[in-house]
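Chemist: With the hints as extra help, turn the sequences into a complete structure.
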Amino acid sequence: MSSAVTVLIPTALRPQVEGKESINLHGSSVKQIFASLTGEYPELGKRLFKSDSELNRFINVYLNDEDIRFLDNLDTAVSSGDELSIVPAIAGG
Amino acid sequence: MLLSGFGEEGQRKLLKSKVLIAGCGALGTVVANTLARAGVGHLVIVDRDYIEITNLQRQILFDESDVENAIPKAVAAKEKIGSINSQIKVTAVVDDLNHTNIESMIEGCDVIVDGVDNFETRFLVNDVAVKHGVPYIYAGAVGVVGMCYTILPHLASPSVTSNGDPGPGDKRPAGGPCLRCIFEHAPPPGMNPTCDTVGVLGPVVSVIANYEAVEALKVITENWNAINRMMLHVDLWQNTMRQFAVTKAYEIGDCRCCKHRVFEYLDGKLGSSATTLCGRNAVQLTRNSADGHKLDFKDLASRLRSHCHIQVNKFMLRAAIIDGGHPYELTLFTDGRAIVKGTKQPEIAKSIYSKYVGG
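Going down the list, the sequences are from chains A and B.
Taking my numbering, the leading residue of the first sequence gets 128, the next gets one more, and so forth.
Taking my numbering, the leading residue of the second sequence gets 2, the next gets one more, and so forth.
Hints listed in this document are in silico derivations from the structure and should not be mistaken for laboratory results.
There may be inaccurate statements among the hints.
Stated by the list, open to error - Taking lysine to aspartate or glutamate pairs in the DMTMM-like style, the calculated list, with each CA pair at most 25 Å apart, reads: (1) A:Lys177 <-> B:Glu265; (2) B:Lys342 <-> B:Asp297; (3) B:Lys342 <-> B:Glu53; (4) B:Lys81 <-> B:Asp64; (5) A:Lys177 <-> B:Glu330; (6) B:Lys14 <-> B:Glu223; (7) A:Lys147 <-> B:Asp236; (8) B:Lys260 <-> A:Glu170; (9) B:Lys81 <-> B:Asp96; (10) A:Lys177 <-> B:Asp255; (11) B:Lys260 <-> A:Asp192; (12) A:Lys147 <-> A:Glu210; (13) B:Lys17 <-> B:Glu223; (14) A:Lys158 <-> B:Glu185; (15) B:Lys260 <-> A:Glu181; (16) A:Lys173 <-> B:Glu121; (17) B:Lys90 <-> B:Glu10; (18) B:Lys249 <-> A:Asp192; (19) A:Lys177 <-> B:Glu252; (20) B:Lys132 <-> B:Glu185; (21) A:Lys158 <-> B:Asp255; (22) A:Lys158 <-> A:Asp202; (23) B:Lys356 <-> B:Glu330; (24) B:Lys345 <-> A:Glu170; (25) B:Lys249 <-> A:Asp202; (26) B:Lys90 <-> B:Glu80; (27) A:Lys173 <-> B:Glu185; (28) A:Lys147 <-> A:Asp209; (29) B:Lys249 <-> A:Glu181; (30) B:Lys345 <-> B:Glu121; (31) B:Lys249 <-> A:Glu170; (32) B:Lys260 <-> A:Glu210; (33) B:Lys249 <-> A:Glu210; (34) A:Lys158 <-> B:Glu252.
Modeler: Given below as structure tokens:
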């Protein structure tokens, strides 16, 4: 079943998504959501993914407040109303 | 002192405590200010940099006279803190934190707070914190967002149990994931926003740095149950505060640093001697000299004077250099460390250094 999920885009990656702060997408897994997202915004995909199946290791993705690496990674199921936060490491200080 | 969980005993613990403030820029000045006023007995402030006019928007311990007089940040911070709380000790270290010196700087420290502006140094701090079991408060701020996370390292000493947690006599809670459990790799240059590309909002710095400070106070006063075991993420423009669960990062992950106890940054295997600086069109060059030889500014100044305008004091020599038609500003410290402004390319910075300083 396809669910409506909100993807929260960090400031650093907004230039790759026409400046949007969040994007609503439909899908049943994190993988499906990201496939739609990077299909529409391929430049974002280049920054998020190291390979087709692996996210870059300086970017974490949280489903609500849980890191997807410790759920089922890209195969993690999503439900309507879920939030997917893309969280890059912050280096400034 | 009147606060519950603090009391006179807490205040005494503060006075006896020693805190390393790693980096004294935006976050570091706010943390140093808060901890000094709280009565932390000994602050060790390490910073490699000098103060620029653009720092004053957020770096609260500095003023225009520090910029004019080209005072190093650690020294200026010590002077200001001396007039805020004369009862405490402040050690100012004008140096680059690197794998050769960081272990001596954390000696006797109860906690390390993060004031650095790059991930390479954070991973170095993380290595030393885990190796010696010293709590480390990670924080970062850029643009309108900031993060803070308290690292209570898994311990490796005879008093700990087989899984690295404290033994029965130790009041400290079980360790949690380290910074490398959470972010396995440092973001590569150009892939992450810096203070250079997006700026940083003063209030974000204050908010995040004060989160750091309160976490440090909890560690020092051993209010272990009050410590935030989640990673805080604040966006002051979207008005959101989120907390992310990170504890499984240790349990499920396979961290080289805290699970395998391989300290690649501290061993000098990872990390470089040339660092592009956040927020500036500049590169820092570190000189690892076994003999600890200090530069003689007099000779160098007389040589450089014929080429360019220079400014010199006992801490630094600054030269405005035109090279290949391009302006650079070279700031040299007595230990041979240099900051080359006018480029983000380590190679160009090294070339400028070689041409005008030698070595």
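Chemist: Give a verdict on every hint.
Modeler: Hint check results:
no., hint, result
1, A:Lys177 <-> B:Glu265, "22 Å, holds"
2, B:Lys342 <-> B:Asp297, "22 Å, holds"
3, B:Lys342 <-> B:Glu53, "12 Å, holds"
4, B:Lys81 <-> B:Asp64, "10 Å, holds"
5, A:Lys177 <-> B:Glu330, "37 Å, violated"
6, B:Lys14 <-> B:Glu223, "9 Å, holds"
7, A:Lys147 <-> B:Asp236, "15 Å, holds"
8, B:Lys260 <-> A:Glu170, "35 Å, violated"
9, B:Lys81 <-> B:Asp96, "19 Å, holds"
10, A:Lys177 <-> B:Asp255, "19 Å, holds"
11, B:Lys260 <-> A:Asp192, "24 Å, holds"
12, A:Lys147 <-> A:Glu210, "15 Å, holds"
13, B:Lys17 <-> B:Glu223, "13 Å, holds"
14, A:Lys158 <-> B:Glu185, "21 Å, holds"
15, B:Lys260 <-> A:Glu181, "22 Å, holds"
16, A:Lys173 <-> B:Glu121, "23 Å, holds"
17, B:Lys90 <-> B:Glu10, "20 Å, holds"
18, B:Lys249 <-> A:Asp192, "12 Å, holds"
19, A:Lys177 <-> B:Glu252, "24 Å, holds"
20, B:Lys132 <-> B:Glu185, "17 Å, holds"
21, A:Lys158 <-> B:Asp255, "23 Å, holds"
22, A:Lys158 <-> A:Asp202, "6 Å, holds"
23, B:Lys356 <-> B:Glu330, "13 Å, holds"
24, B:Lys345 <-> A:Glu170, "24 Å, holds"
25, B:Lys249 <-> A:Asp202, "18 Å, holds"
26, B:Lys90 <-> B:Glu80, "11 Å, holds"
27, A:Lys173 <-> B:Glu185, "18 Å, holds"
28, A:Lys147 <-> A:Asp209, "18 Å, holds"
29, B:Lys249 <-> A:Glu181, "19 Å, holds"
30, B:Lys345 <-> B:Glu121, "16 Å, holds"
31, B:Lys249 <-> A:Glu170, "31 Å, violated"
32, B:Lys260 <-> A:Glu210, "31 Å, violated"
33, B:Lys249 <-> A:Glu210, "20 Å, holds"
34, A:Lys158 <-> B:Glu252, "24 Å, holds"
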